[in-house]
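**Q** So the chains spell out like this:
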Amino acid sequence: MTVTWATYEADYFDYSGPMVPGAVVLDHEIAPRSGWSAVVSAGTVLTLVDVGGNQSGDCLIYAAADTTERYSVPDTLVAQRNAYLVEGSVLMSNEGRPLMTIVGNEVERQDTIGGACSKESNTLRYGHHTRFHHACRENFLLEGARHGLGARDLVSNINWFMNVPVEADGTLGIVDGMSAPGKRVALRAERDVLVVISNCPQVNNPCNDFNPTPLRVIVTDPSASVSETDRR
Amino acid sequence: MIEDLGAGRRARTRTLAEARADAHARADVRVEAMPYLPASSSPYAPVGVDTSRIVWAETVGGPGYTHATLARGTRIRFEDTDGHACAHVVVFNADRHGERLNLADTQKVPWQAYLGAGHPLLSGDGRVLATVAADTSTRHDALCGVTTLAANRRRYGAGEAHSATPAGRELLRLAAAKEGLGARDLPPSVSFFKGVRVEPDGALEWTGSAGPGVTVDLIAEMPITILVANAPHPLDPEDSYRSTPLRIHAWTAEPSSDRDPWWSGSPERARAYANTQQYLTARGIR
Ligand SMILES: [Zn+2]
Numbered sequence: 001m002t003v004t005w006a007t008y009e010a011d012y013f014d015y016s017g018p019m020v021p022g023a024v025v026l027d028h029e030i031a032p033r034s035g036w037s038a039v040v041s042a043g044t045v046l047t048l049v050d051v052g053g054n055q056s057g058d059c060l061i062y063a064a065a066d067t068t069e070r071y072s073v074p075d076t077l078v079a080q081r082n083a084y085l086v087e088g089s090v091l092m093s094n095e096g097r098p099l100m101t102i103v104g105n106e107v108e109r110q111d112t113i114g115g116a117c118s119k120e121s122n123t124l125r126y127g128h129h130t131r132f133h134h135a136c137r138e139n140f141l142l143e144g145a146r147h148g149l150g151a152r153d154l155v156s157n158i159n160w161f162m163n164v165p166v167e168a169d170g171t172l173g174i175v176d177g178m179s180a181p182g183k184r185v186a187l188r189a190e191r192d193v194l195v196v197i198s199n200c201p202q203v204n205n206p207c208n209d210f211n212p213t214p215l216r217v218i219v220t221d222p223s224a225s226v227s228e229t230d231r232r
Numbered sequence: 001m002i003e004d005l006g007a008g009r010r011a012r013t014r015t016l017a018e019a020r021a022d023a024h025a026r027a028d029v030r031v032e033a034m035p036y037l038p039a040s041s042s043p044y045a046p047v048g049v050d051t052s053r054i055v056w057a058e059t060v061g062g063p064g065y066t067h068a069t070l071a072r073g074t075r076i077r078f079e080d081t082d083g084h085a086c087a088h089v090v091v092f093n094a095d096r097h098g099e100r101l102n103l104a105d106t107q108k109v110p111w112q113a114y115l116g117a118g119h120p121l122l123s124g125d126g127r128v129l130a131t132v133a134a135d136t137s138t139r140h141d142a143l144c145g146v147t148t149l150a151a152n153r154r155r156y157g158a159g160e161a162h163s164a165t166p167a168g169r170e171l172l173r174l175a176a177a178k179e180g181l182g183a184r185d186l187p188p189s190v191s192f193f194k195g196v197r198v199e200p201d202g203a204l205e206w207t208g209s210a211g212p213g214v215t216v217d218l219i220a221e222m223p224i225t226i227l228v229a230n231a232p233h234p235l236d237p238e239d240s241y242r243s244t245p246l247r248i249h250a251w252t253a254e255p256s257s258d259r260d261p262w263w264s265g266s267p268e269r270a271r272a273y274a275n276t277q278q279y280l281t282a283r284g285i286r
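The listed protein sequences correspond, in order, to chains A and B. Going by the numbering used here, the residue at position 140 of the first sequence is 140; the numbering climbs one at a time, nothing skipped. Going by the numbering used here, the residue at position 246 of the second sequence is 246; the numbering climbs one at a time, nothing skipped.
A couple of the hints might just be wrong.
Said to hold, decoys possible - Just a sample of chain A residues kept apart from chain B, beta carbon distances all over 10 Å, derived: (1) Trp5; (2) Asp14; (3) Val20; (4) Val25; (5) Val39; (6) Thr68; (7) Gly114; (8) Ala116; (9) Glu138; (10) Ala145; (11) Arg152; (12) Gly170; (13) Gly173; (14) Asp192.
Claimed, not checked - Computed list of chain B residues with no C-beta within reach of chain A, every gap over 12 Å: (15) Glu18; (16) Leu149; (17) Ala282.
As the list claims (entries may be wrong) - Sample of chain B residues at the chain A side, in silico, Cβ under 7 Å: (18) Ser41; (19) Asp50; (20) Gly126; (21) Val198.
Hints in this document: simulated from the structure, not taken from any laboratory. Heads up, the beta-carbon is just placed ideally off N, CA and C, and yes, glycines get one too.
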C-alpha cells in the first residue's frame, strides 16, 4: 500500500507574497513535513504564507543574542489578557520582553495554546500505531540542533493557521482551520530573533486538513528600497 | 512559639565562644515560614495521615520558594492557609531532567484547559509525571505562568529575588539552580490556588482564590523533581503585592493504579499511564 503523506504541488496552491513591502532578504518554501530556521534581524518583517490552506506552522522564537530568552506562551497571554493571537499581539519572551509583533494577519485568530505534535503525544492522542509518524517535535529538535539547542530548549509554541477554541467548561482541542490557500501572517522582529518553524506533519487531526502542504516564508526589510525585481 | 530574633538583634559576639553560644541560642526559634524536621514532627500534619510516613513538611513563605526530589508514589499536599498563596509548580523526571512538564500536552491530551481532580500533569515525552489526585480549591491556571523581573519592576518597583516583591520566575530560577538546573530548564509552570477562565472571545477572566484552607494533592507517578514558587499570580488584580504562606506536606503513599477513576478516565489518559508504566518497568522502578 502506498501512503500519501503530503501534497507538494496542486492547482489550488497560492504562494501569495510579502504582507509588508521592502527589499526581500529571504524567500524560502518550507516543504511539507520539514523544518526551517533563520535569524531574522530587528526591524525586518517575516511573512508566512499558508500556501495550501489550513496548514499549521509550528513556531518557536528565541532572542538571537541569548537563546535562554525565548518565546513564552504565558507571558504573551498575560500581556494581552487574551488566549488568542491577532493583529497587534506582541509575542513576549520568558523575561517579559517583546520578541516580535503581529503586524498583519489574514485569519480570524492564531493559536498558541495547542502546543506542538510529537511522536510521543501522538501515542496518547491517537494510539500507539501513530508512534512512527513524523512530528513537529522532531523538526524542532533537528532545526534547534543547528543552533546548539536541544530538548531543554523546547517550550510551548505558536501554531500559525491552527484553530484551537476553548469552550466555557474548559474543553479545548484542534478543530477545522479558518485559513485558506494564500492566507498570511506577518511578524515584525523587535530584536534579532532566531525563528524556528516546523511545517506540521500531523495527519491524525484537522490541523493540516489531514494533508500537509507547503509554507512559504518571506523576510522583507521595509527600511531598504524595493528593487525592480521585487516590485514586479 | 519563640519570637523571631530578626535582623540586628545581636547578642554578645566579640569572641568565638560568645559567637558560638549566640548561634546556638538561636536554634529553637520558630517562625511562620520554615521546614519541620523530622517531617513527622510537623505541627500541621494532615489529619488521617500516619505521621511516620511524612517525608516533607514545610511552610513556604509568601513569597518564597522550595524544591524537592521525591519517590514514585509520594503524595504531595499543598495548602493555601490564608487564601493568598499561589503555588507555581514545575515537575521533572528526577532521573532525566530533560523530561518535564509540558503544559500544552497537559491541556491538549485530556481535551481540557482547566486542571482539577484527576488531571494528569504530562511530560513532553508522553508520560504522566504526577496526577492531581484531590482538589478542594478548583481555582487553578495553566495558561498564565509566573511574573517576571521586568513585569514586577513595572508594577511593584522591584522584582529581584532579594526584594520584598520577588517575581515568580526569579524564585523558580533559584529553585532550579538548587537542583542543578538552569534557565533552559524552566518551561511554562502551572499555578495552583488562583483561577483564570477563558471567555468566548479569548479574554482571560480572573476567578481568583477559593479562600483560606483549601488543598490540592498531587501523586508522583515516577521519581520527580518538583520546583515550587509561592508568589502572586500575574493577573492578581490587587494593587499591592499580596502573598501569604503555602504549606506543603508529602508522604509515602501509592502511585495511581487501575483502581483510581482517572486511570482510565479517557483513552488518552489510559495510554498516558500505560506509557508511564512501560517506562518504569523497563527502568526497573516499582
Ligand atoms: Zn505538528
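**Q** Each hint should be assessed against the structure and marked as holding or not.
**A** These are the hints, each one checked on the structure:
1. Trp5: At roughly 21 Å from the nearest Cβ of chain B, A/Trp5 sits farther out than 10 Å, so the non-interface label holds.
2. Asp14: About 28 Å separates A/Asp14 from the closest Cβ of chain B, which puts it past 10 Å; holds.
3. Val20: 25 Å, holds
4. Val25: 29 Å, holds
5. Val39: 19 Å, holds
6. Thr68: At about 4 Å from chain B, A/Thr68 fails to clear the 10 Å cut-off, so the statement is violated.
7. Gly114: 6 Å, violated
8. Ala116: 7 Å, violated
9. Glu138: 12 Å, holds
10. Ala145: Non-interface label stands for A/Ala145: nearest chain B Cβ at 14 Å, farther than 10 Å.
11. Arg152: 4 Å, violated
12. Gly170: The claim is violated: A/Gly170 sits with its nearest Cβ about 4 Å from chain B, within 10 Å.
13. Gly173: 5 Å, violated
14. Asp192: Non-interface label on A/Asp192 holds, nearest chain B Cβ at 19 Å vs cutoff 10 Å.
15. Glu18: 46 Å, holds
16. Leu149: 7 Å, violated
17. Ala282: For B/Ala282, whose nearest Cβ neighbour in chain A is about 15 Å away, the distance exceeds 12 Å, so it holds.
18. Ser41: 37 Å, violated
19. Asp50: 35 Å, violated
20. Gly126: 3 Å, holds
21. Val198: 4 Å, holds
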